[in-house]
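A.B. asks: So the protein lines, in turn, are chains A, B and C. With the numbering used here applied, the first sequence covers 1 to 246. With the numbering used here applied, the second sequence covers 1 to 181. With the numbering used here applied, the third sequence covers 1 to 181.
Hints in this document: simulated from the structure, not taken from any laboratory. There may be inaccurate statements among the hints.
[To be verified] Label pairs and their in silico Cβ distance ranges:
hint, chain 1, residue 1, chain 2, residue 2, range
1, A, THR128, B, HIS155, 43 to 49 Å
2, B, PRO2, A, PRO129, 30 to 36 Å
3, A, ASP87, B, LYS85, 42 to 48 Å
4, B, ARG75, C, THR36, 24 to 30 Å
5, A, GLN126, B, LYS154, 28 to 34 Å
6, A, LEU85, C, THR36, 52 to 58 Å
7, C, THR36, B, LYS85, 33 to 39 Å
8, C, GLY136, B, PRO69, 38 to 44 Å
9, B, HIS155, C, GLU43, 55 to 61 Å
[Said to hold, decoys possible] Keeping only pairs whose Cα atoms sit at most 20 Å apart, straight-line, the calculated EDC-like set for lysine to aspartate or glutamate is:
hint, chain 1, residue 1, chain 2, residue 2
10, B, LYS85, A, GLU28
11, B, LYS162, A, ASP156
12, A, LYS120, C, GLU72
13, B, LYS132, B, GLU104
14, A, LYS120, C, ASP159
15, C, LYS132, C, GLU156
16, C, LYS162, A, ASP108
17, C, LYS42, C, GLU31
18, B, LYS76, B, ASP57
19, C, LYS162, A, GLU98
20, A, LYS120, C, ASP82
21, C, LYS14, B, GLU66
22, C, LYS20, C, GLU43
23, B, LYS14, C, GLU72
24, A, LYS120, C, GLU156
25, B, LYS80, A, GLU139
26, B, LYS85, A, ASP144
27, B, LYS85, A, GLU139
28, C, LYS85, A, GLU28
29, C, LYS14, B, GLU72
30, B, LYS85, B, GLU104
31, B, LYS154, B, GLU168
From the three backbone atoms N, C-alpha and C, an ideal C-beta is built for every residue, glycine too.
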Amino acid sequence: MHPNAVSNFSVKTDVFEGPLELLLELVERRKLLINDISLASVTDEYMRQVSLMQEMSLPNTAQFINLAATLLLVKSKSLLPVLELTDEEETSIDDLEERLRKYQIIRDSALILQSIFGSKSMYAPQFTPPTVPVFVTDEYCTIDSLQSAINSVINDLPQKETQAKAQIKVTISLEDMMKKLQDRITKSLHVRFSQLHAGETEKKVVIVGFLAILELFKQGNLLITQVNRFSDIEIELDKGQTPTYY
Amino acid sequence: MPVDVLVEGLLFYKSAPQKKVVVMKLFGINEAELSTAIAVLKERLMIGATRLVETTDEIQLVTSPELAPIIEAMRKSELKADIGKAGAETLAIILYQEPISRAEIDRIRGVNSSFILRNLLIRGLIERNHNKNRNGYDFTISTALLTHLGVTHKHELPDFSKIANALEQFNEKAEVIDESI
Amino acid sequence: MPVDVLVEGLLFYKSAPQKKVVVMKLFGINEAELSTAIAVLKERLMIGATRLVETTDEIQLVTSPELAPIIEAMRKSELKADIGKAGAETLAIILYQEPISRAEIDRIRGVNSSFILRNLLIRGLIERNHNKNRNGYDFTISTALLTHLGVTHKHELPDFSKIANALEQFNEKAEVIDESI
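Chain A on its own, in the form it takes in the complex:
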């Protein structure tokens, strides 16, 4: 349905007005139900879209990034079950699933509304101004009252600038968010990822790389000796803390 049904880096990201819309599209494209497993499996793709949006400085990116934080938690938890989440984080994950299900219902019912809107309208009678001349003034019909009325109109005009500023304030960059999460995981696992943010590394690469490490970890391939061969990523693992159930 969307022109960007085929996922690649040249997709038009502005098709998605909101993060829930994007996320739902990704889940449904894979014909998945909404749960932690499906959310984890579309995280990479979601992150790719958002990093593209950030590069293009598209509006609403802040909201997409906020949701990305939760999504990464879902993903991290699915890859690293030892990762302990705070109650707040658990709630935000449950919340995300629920919001997505709710949004799905709304989006589907919106399609119904859109299809019937205006198709068989009912009409109020046309207005015919009275023919008998009437002139009724009241307390508002003075220059003073009308002046204060127009001033209140002007005060109430929407201010585009202030809104834009407010949005910038809540914006955190993907990098900041990733960094925070990385610290969390490092602490939780007694694992240290270093040099992940090599100066020349592109954002996309960092994110993808980070998630790739998690994938490796999940698959049980993450051994120090192997990892050390990658010169740009150095990982130290406290052997005593290595999860044994992989």
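Based on the hints, put chains B and C in the right spot on chain A.
C.D. replies: Chains B and C in isolation, oriented as in the chain A frame:
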């Protein structure tokens, strides 16, 4: 659909007298068919609040005579009530920006103004004129209200240029906003 | 005179949405009496050209959906603007969750809805009312929205109760969460 329903719908929607010949042409019916429809409609309406009045050439839907006292009372109380804050704001926008379309007023106020404009029209505070250039209506302050306010030149209004500028700037911006929706 | 006839007369004369509270006060009737009158009137109008449209707060008399093609032919090729995806989503949220605040709408859609709400207000499809309890605004649907959807009450929309029930489950859960905070 039965012709009497078609005729009722037309009269209700137009809320003004309609020429019988026009009605016949519109629905592709002859005089006899219209007469039958009118008779059926008159009969059907009897239990309700509206009546079909008929002259030689025209038909119209009106409220039943029994309702006349109530309607008259409503009309009076309607005029007794003040125009309210929303009415005053709409009136002020017209005063400073006339001639102005409903769409422009709506955009400035951020809400639909059609019922407020009707009320102002009914009270004779504003006038509505057809604008041929864009096939819509323009609203202006009525001569009576201008006289009442003692305004001879717009530029004499308090803060006229300041307010005109603020509204014009908003209009330019609004066009950008509208496109983004 | 039966209350349903009085109500019909008022709505016909006003030819605009009327607040239920105003109607009750005008005719000195209570909510139950008005509900009965509305039900009687709705039923009686079915064989004719008009319909009674009803929201939580307002009622209005309009033409039946079956007459749409005829009336649209009379309205000179008026542009029928689509509501768009964002507009439809916002309308759906308000329709199923009214009265609802902007913050709640934003949360469900995951984006800032202020521009789209303004647009819907300007088009008269929704209404904004001050909520004294939390000193903010609540959004509700207008009779105009129902007329565009061709239904006299939102319950007549396809799958209304199915959708409303599905959403209700989330709301119940949300309330439990709210209490725990």
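A.B. asks: Are the hints correct? Go through all of them and say.
C.D. replies: Here's how the hints hold up against the structure:
For THR128 of chain A paired with HIS155 of chain B, a C-beta distance near 35 Å fails the hint of 43 to 49 Å. For the pair PRO2 of chain B and PRO129 of chain A, the beta carbons lie near 32 Å from each other, so the given range of 30 to 36 Å is met. Checked against the hint of 42 to 48 Å, the pair ASP87 of chain A and LYS85 of chain B passes, with Cβ atoms roughly 47 Å apart. Remark: the range hint 24 to 30 Å for ARG75 of chain B to THR36 of chain C is upheld by a beta-carbon distance near 27 Å.
Distance hint for GLN126 of chain A and LYS154 of chain B: a CB-CB separation of about 31 Å, consistent with the stated range 28 to 34 Å. Evaluation of the 52 to 58 Å hint for LEU85 of chain A and THR36 of chain C yields a pass: the beta carbon distance comes to about 56 Å. With their beta carbons about 35 Å apart, THR36 of chain C and LYS85 of chain B fall inside the hinted range of 33 to 39 Å. Checking the proposed 38 to 44 Å range against GLY136 of chain C and PRO69 of chain B shows it holds: the Cβ atoms sit about 43 Å from each other.
Taking 55 to 61 Å as the suggested C-beta distance range, the pair HIS155 of chain B and GLU43 of chain C conforms, at roughly 59 Å. Restraint check for LYS85 of chain B and GLU28 of chain A: not satisfied, since their Cα atoms lie roughly 49 Å apart, outside the 20 Å limit. Between LYS162 of chain B and ASP156 of chain A, the direct Cα distance comes to roughly 16 Å. Compliance with the 20 Å bound is thereby established for this hinted pair. For a cut-off of 20 Å, the pair hint linking LYS120 of chain A to GLU72 of chain C stands: about 10 Å separates their Cα positions.
Pair hint LYS132 of chain B plus GLU104 of chain B holds up; C-alpha atoms about 17 Å apart against a cutoff of 20 Å. Distance restraint check for LYS120 of chain A and ASP159 of chain C: the Cα-Cα separation of roughly 18 Å lies within the 20 Å cut-off, and the hinted pair is therefore satisfied. For a cut-off of 20 Å, the pair hint linking LYS132 of chain C to GLU156 of chain C is broken: about 31 Å separates their Cα positions. Only pairs whose Cα atoms come within 20 Å are accepted, and LYS162 of chain C paired with ASP108 of chain A is accepted, the gap being roughly 12 Å.
Taking the CA atoms of LYS42 of chain C and GLU31 of chain C, the gap is near 16 Å; set against the 20 Å cutoff, the hint holds. For the hint pairing LYS76 of chain B with ASP57 of chain B, the CA-to-CA distance comes to about 32 Å; that exceeds 20 Å, so the pair is violated. Simply put, LYS162 of chain C and GLU98 of chain A have alpha-carbon atoms about 18 Å apart, close enough for the 20 Å limit, and the pair holds. Distance restraint check for LYS120 of chain A and ASP82 of chain C: the Cα-Cα separation of roughly 14 Å lies within the 20 Å cut-off, and the hinted pair is therefore satisfied.
Proposed proximity of LYS14 of chain C and GLU66 of chain B is supported: the alpha carbons are some 17 Å apart, at most 20 Å. Using a Cα cut-off of 20 Å, the hinted pair LYS20 of chain C and GLU43 of chain C holds, with the two alpha carbons roughly 18 Å apart. Taking the CA atoms of LYS14 of chain B and GLU72 of chain C, the gap is near 12 Å; set against the 20 Å cutoff, the hint holds. Using a Cα cut-off of 20 Å, the hinted pair LYS120 of chain A and GLU156 of chain C holds, with the two alpha carbons roughly 14 Å apart.
The straight-line distance between the Cα atoms of LYS80 of chain B and GLU139 of chain A is roughly 11 Å, inside the 20 Å bound, and the hint therefore holds. Between LYS85 of chain B and ASP144 of chain A the alpha-carbon distance is near 13 Å, which keeps this suggested pair within the 20 Å criterion. Distance check on the hinted pair: LYS85 of chain B and GLU139 of chain A sit about 11 Å apart at the alpha-carbon level, within 20 Å; holds. Under the criterion of a C-alpha separation no larger than 20 Å, the hint pairing LYS85 of chain C with GLU28 of chain A is consistent with the structure, at around 18 Å.
Of the supplied pair hints, the one linking LYS14 of chain C and GLU72 of chain B holds, its CA atoms being roughly 12 Å apart against a limit of 20 Å. Note on LYS85 of chain B and GLU104 of chain B: the hinted pairing holds, with a Cα-Cα distance of about 18 Å set against a maximum of 20 Å. Among the hinted pairs, LYS154 of chain B with GLU168 of chain B is consistent with the structure: their alpha-carbon atoms are about 16 Å apart, no more than 20 Å.
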